[in-house]
Amino acid sequence: AKTGGVGKQNDNNNNNNHDSVVPAPEATPGQQQSKSLYADDAKKSAKIKELRKLVENCDDFVRRVDDLFLCRFLNCCDWNVEEAQQRMCKLFKLKYDHPEWFVDKPLTHYEDLLNRNIKFVLDKRDKKGRRIFVSRLGALDINVSSATDLAHLDELWVEYMLNDLETQQNGIVCLLDMSGYSIKSMRYLTPGNIRIGSAKADLLPVKHMEFHVVNSSVLLNAAVAILFPVLSKQI
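Numbering of the sequence shown is given in UniProt numbering, commencing with residue 1 and proceeding in unit increments.
What the hints contain is simulated information worked out from the structure, not anything from laboratory work.
Hints are not guaranteed to be accurate.
Computed list of lysine to any residue pairs in SDA-like fashion (alpha-carbon distance at most 25 angstroms, straight line) [what the hints assert, rightly or not]:
| no. | residue 1 | residue 2 |
| --- | --- | --- |
| 1 | Lys49 | Pro106 |
| 2 | Lys124 | Glu159 |
| 3 | Lys95 | Glu210 |
Being a predicted model, the structure only gives us computed values, none of them experimental.
All chains, please: the whole structure from these sequences, using the hints.
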């Protein structure tokens, strides 16, 4: 299997060989999907159409209205159309207020960032059918990567994973590998970064997101404790 990169493995940026990861995203997050979903389920099909109508009648932001994109928010909100619309509007409002925290360029712009192999998705799911998203935080180079770079990586991979109904329905497991993590990286944990980063994580249309920390220590646990208590209880 290929490691996280744009269609190829970059051995110069990663000394570890990950044998079971999916290729990096191959389409831009905004790519439209034309496939009609739940055509045999009248109730869900009606809710998709209802949400689409609400979104199309809202002039605040430009957003996707294809079935697969709308189903992200409907699955996340247990098919409550009003809640799905509110979550979508809040996410796009956050993007409008803090555009630097969101992906807004063609995928080729992020090729170097992806090829650092800081984050990747395993090819196999867990027993509950959830995607496994790995973050090698020890691979961070604080002189090269910024907090917004990490936010862009998360968004690129989450977009990739959510282009799949099974992931929308089952959720994502996040493994935070702290091996080699430097205390210098705690500079990312500023109040502003924590506030915006946690707000974005709270609004992502993921039905279930579970975190596990591996290869940690007392000091690193303290760093994690600073960040994760401010995240939504839904995560």
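25 angstroms limit on alpha-carbon distance, applied to hinted pair Lys49 and Pro106: Since the Cα atoms of Lys49 and Pro106 sit roughly 29 angstroms apart, the hinted pair is violated (cutoff 25 angstroms).
Pairwise hint evaluation, Glu159 against Lys124, where the allowed Cα distance is 25 angstroms at most: Distance of about 18 angstroms is within 25 angstroms: holds.
Given pair status - Glu210, Lys95, alpha carbons within 25 angstroms: holds, 24 angstroms
When the structure is compared with the earlier hints, a violation turns up for hint 1 alone.
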